[in-house]
Amino acid sequence: MNWFSFSSPATFYPLAGKLIPLFWVLATLLGVAGLWISFFVAPADAVQGQGYRIIFVHVPASWMSMFIYMVMAAWAAIGLIFNTRLSAMMAQALAPTGALMAFLSLWTGAFWGKPMWGAWWVWDARLTSELILLFLFLGFIALQASIDDVRRADKAGAILALVGVVNVPIIYFSVKWWNTLHQGSSVSMTKAPAMAHTMLWGMLLMALCFWMYSIAIALMRVRVIILERESHSDWVKNLKALQS
Amino acid sequence: MSAFFAIIRRDLLLVFRRKSEVLTILFFFIIVTSLFPLGIGADSGLLRKIAPGIIWVAALLATILGLSRLFISDYADGTLEQMTLSPTPLVLLVGGKITAHWIVCGLPLVLLAPVIGIQFDLNSETLGTLILALLLGTPILSLIGAIGAALTLGVRGGGVLLSLLVLPLYIPVLIFGAGAVFASSVGLDVSGHFSLLAALLVLSLAFAPWATAASIRIAIE
Numbered sequence: 001m002n003w004f005s006f007s008s009p010a011t012f013y014p015l016a017g018k019l020i021p022l023f024w025v026l027a028t029l030l031g032v033a034g035l036w037i038s039f040f041v042a043p044a045d046a047v048q049g050q051g052y053r054i055i056f057v058h059v060p061a062s063w064m065s066m067f068i069y070m071v072m073a074a075w076a077a078i079g080l081i082f083n084t085r086l087s088a089m090m091a092q093a094l095a096p097t098g099a100l101m102a103f104l105s106l107w108t109g110a111f112w113g114k115p116m117w118g119a120w121w122v123w124d125a126r127l128t129s130e131l132i133l134l135f136l137f138l139g140f141i142a143l144q145a146s147i148d149d150v151r152r153a154d155k156a157g158a159i160l161a162l163v164g165v166v167n168v169p170i171i172y173f174s175v176k177w178w179n180t181l182h183q184g185s186s187v188s189m190t191k192a193p194a195m196a197h198t199m200l201w202g203m204l205l206m207a208l209c210f211w212m213y214s215i216a217i218a219l220m221r222v223r224v225i226i227l228e229r230e231s232h233s234d235w236v237k238n239l240k241a242l243q244s
Numbered sequence: 001m002s003a004f005f006a007i008i009r010r011d012l013l014l015v016f017r018r019k020s021e022v023l024t025i026l027f028f029f030i031i032v033t034s035l036f037p038l039g040i041g042a043d044s045g046l047l048r049k050i051a052p053g054i055i056w057v058a059a060l061l062a063t064i065l066g067l068s069r070l071f072i073s074d075y076a077d078g079t080l081e082q083m084t085l086s087p088t089p090l091v092l093l094v095g096g097k098i099t100a101h102w103i104v105c106g107l108p109l110v111l112l113a114p115v116i117g118i119q120f121d122l123n124s125e126t127l128g129t130l131i132l133a134l135l136l137g138t139p140i141l142s143l144i145g146a147i148g149a150a151l152t153l154g155v156r157g158g159g160v161l162l163s164l165l166v167l168p169l170y171i172p173v174l175i176f177g178a179g180a181v182f183a184s185s186v187g188l189d190v191s192g193h194f195s196l197l198a199a200l201l202v203l204s205l206a207f208a209p210w211a212t213a214a215s216i217r218i219a220i221e
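Sequence order for the protein chains is H and B.
Residue 55 in the numbering used here sits at position 55 of the first sequence, and the numbers go up by one each step.
Residue 195 in the numbering used here sits at position 195 of the second sequence, and the numbers go up by one each step.
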């Protein structure tokens with residue numbers, strides 16, 4: 001099977017159409033399981049009571065926002081290097097979902113912070129860098145939206161995404177050294193997690209659910225972008241779904 | 001290398017023929033910093049505390065104002081296109097333009113800063129730190145800003161978009177620059193801040209001209 005054949009919008013469009021229901025089903029199943037564990041199975045936290053349960057949305061949203069930025073930059077780089085149309089479309093399709101995740105992470109973080117810290121917002125490293133990540137997503141979307149020529153918009157957006165990727169760790173550490181008040185990371189690769197196993201399972205299931213959701217919604221968006229950009233081509237004119 | 005200096009000479013000459021554009025930016029810097037005491041009150045203890053942040057934020061905004069004119073006239077009259085076609089590497093020419101921009105928009109801020117600092121009742125040692133920090137920091141602002149200026153060439157609402165793209169990237173410079181001045185004003189060691197600013201400068205010197213040159217090529221296409 002030649003995977004590169006899918007780098008053409010005409011072949012990717014039907015493939016994405018077949019994959020979307022699969023990812024929706026996965027997202028729904030994982031979401032139901034994750035929510036069930038996080039609300040009914042996971043015990044209340046010894047210190048934080050029931051209020052901590054917002055992390056089952058907050059942590060996956062933060063992870064996804066950072067991960068989506070990396071994936072977006074990777075697609076942008078591939079688009080810039082190999083001059084493939086579809087990669088740039090993928091980057092464009094991912095950006096709104098990434099911005100949504102960053103916003104969701106800040107919003108749920110505020111709800112968590114109010115009972116735990118007594119403040120909706122504190123100028124702590126992770127909050128601040130998440131906010132800056134949101135700005136980077138919005139800048140990418142704004143730049144792409146304001147350039148009419150799509151090829152130029154793709155390339156300019158790609159350079160911006162790459163500059164952003166170089167800057168994300170610098171921004172993160174500068175803000176970290178500037179001020180830190182956030183609780184230490186609860187999940188780490190190097191030491192055993194300091195939380196009950198059921199809590200960890202809930203969080204992982206929710207993270208997978210968010211992941212599948214992001215793929216599904218990005219594929220739906222990329223299909224729309226393909227139709228928009230390829231509207232002049234014969235294969236789009238001959239699409240059965242658009243005939244009626 | 002002679003092309004590099006020729007570009008600097010040309011850009012400086014252009015600026016001196018029409019001084020008002022640059023002077024406006026300098027007055028903007030002075031006015032913005034003078035507004036804060038008027039809005040906050042003349043308590044010298046408070047002013048001394050907020051001075052580093054205010055001066056640095058004003059420097060960031062003044063740089064942004066200057067950036068929109070970095071490439072735009074050359075883009076409009078086709079000079080930029082000729083530069084991409086010239087046998088001299090575009091990176092070198094872009095480097096020259098960025099250097100000229102810093103001499104015109106960055107260096108005057110460094111020289112003006114002590115005057116502003118005196119308005120905020122900073123002592124002489126802190127003023128020295130402020131000058132050094134701005135001297136290290138303003139070239140980074142010009143370098144990173146040039147990428148944004150090249151990306152927004154000929155784009156609708158370019159000026160506002162430019163600030164949206166570039167200001168988040170300025171945050172590390174703001175943190176360490178203002179941090180150095182603040183540390184010095186409370187008698188702490190500032191060498192760490194200076195090392196980090198210098199590291200940022202080296203990093204942006206190494207990457208920003210290339211990213212800017214690539215962005216210009218995209219804009220010209």
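Note that these hints are calculated values from the structure, not bench results.
Hints may be right or wrong, so weigh each one.
[Unchecked claim] Pulled from the structure, derived: some chain B residues nowhere near chain H, Cβ distances all over 12 Å:
| hint | residue |
| --- | --- |
| 1 | T84 |
| 2 | P89 |
| 3 | S163 |
| 4 | H193 |
[As the list claims (entries may be wrong)] A few chain B residues facing chain H, derived, Cβ under 10 Å:
| hint | residue |
| --- | --- |
| 5 | G192 |
| 6 | A198 |
| 7 | L201 |
Positions of the beta carbon are idealized from the N, C-alpha and C atoms, including for glycine.
Each hint, compared with the structure:
Consistency note on T84/B: stated as away from chain H, and its beta-carbon is indeed over 12 Å from all of that chain's, at 14 Å minimum. For P89/B, the requirement that its beta carbon stay farther than 12 Å from each beta carbon of chain H is met, with the minimum near 18 Å. Against the 12 Å criterion, S163/B falls within the reach of chain H, whose nearest CB is about 10 Å from its own CB. The Cβ of H193/B does not lie farther than 12 Å from every Cβ of chain H; its closest approach is about 10 Å, which violates its non-interface assignment.
Because the smallest distance between the Cβ of G192/B and any Cβ of chain H comes to about 9 Å, under 10 Å, the interface hint for this residue holds. For A198/B, the interface hint is violated, the least distance from its beta-carbon to any beta-carbon of chain H being 14 Å, above 10 Å. Of the supplied interface hints, the one on L201/B is violated, with its beta-carbon coming no nearer than about 12 Å to a beta-carbon of chain H, more than 10 Å.
In summary, the structure is inconsistent with hints 3, 4, 6 and 7 from the numbered list given earlier, while agreeing with the others.
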